[in-house]
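Every position in the sequence shown, counted from 1, becomes a number in our numbering once 391 is added.
It is worth saying that the hints were derived from the structure and are not from the lab. Worth double-checking, as some hints may not be accurate.
Subject to a maximum C-alpha distance of 20 Å in a straight line, what follows is the list of computed SDA-like cross-link-like pairs (lysine to any residue) [said to hold, decoys possible]:
1. Lys-438 x His-419
2. Lys-438 x Gln-403
3. Lys-438 x Tyr-397
4. Lys-438 x Phe-413
5. Lys-438 x Asp-412
6. Lys-478 x Arg-435
7. Lys-438 x Glu-453
8. Lys-438 x Leu-458
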Amino acid sequence: MNADEYADSILQVMDNIGVDDFHFLGQHGGAAIGINLGIRHPERIGKLILSGAGREENLTEEQIQELIDRPMTRDLQLMQMVSFLIKHGMYIDI
Numbered sequence: 392m393n394a395d396e397y398a399d400s401i402l403q404v405m406d407n408i409g410v411d412d413f414h415f416l417g418q419h420g421g422a423a424i425g426i427n428l429g430i431r432h433p434e435r436i437g438k439l440i441l442s443g444a445g446r447e448e449n450l451t452e453e454q455i456q457e458l459i460d461r462p463m464t465r466d467l468q469l470m471q472m473v474s475f476l477i478k479h480g481m482y483i484d485i
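Model the full assembly from the supplied sequences, consistent with the hints where possible.
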């Protein structure tokens with residue numbers, strides 16, 4: 392299965408149990424699935440927590456900038472969130 396298929400499976404489970412939006416924590420491969428969910432279905436994700444997330448090698452600079460600019464939580468954009476975590480001494484593996 393690829394990240395799209397895993398993400399679709401997660402959404403199917405959530406639909407089957409009646410969950411419209413949810414928080415998602417992904418580590419390594421799970422982070423890729425979380426990124427996929429966040430890009431394809433941002434309205435379904437309340438909070439997206441990623442650890443050890445790589446990035447697709449074939450993303451264009453424009454797509455990378457779009458990911459940076461897209462709000463990943465209801466309150467903070469991605470760069471603001473990273474800044475907040477660094478300021479408060481939390482480790483970020485980039």
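Here is what the structure says about each hint:
1. Lys-438 x His-419: 17 Å, holds
2. Lys-438 x Gln-403: Judged against 20 Å, a Cα distance of about 19 Å means the pair holds.
3. Lys-438 x Tyr-397: 18 Å, holds
4. Lys-438 x Phe-413: 7 Å, holds
5. Lys-438 x Asp-412: 9 Å, holds
6. Lys-478 x Arg-435: With Cα atoms ~29 Å apart, Lys-478 and Arg-435 exceed 20 Å; violated.
7. Lys-438 x Glu-453: 24 Å, violated
8. Lys-438 x Leu-458: Holds, because 15 Å separates the two Cα atoms, which is no more than 20 Å.
In summary, the structure is inconsistent with hints 6, 7 from the numbered list given earlier, while agreeing with the others.
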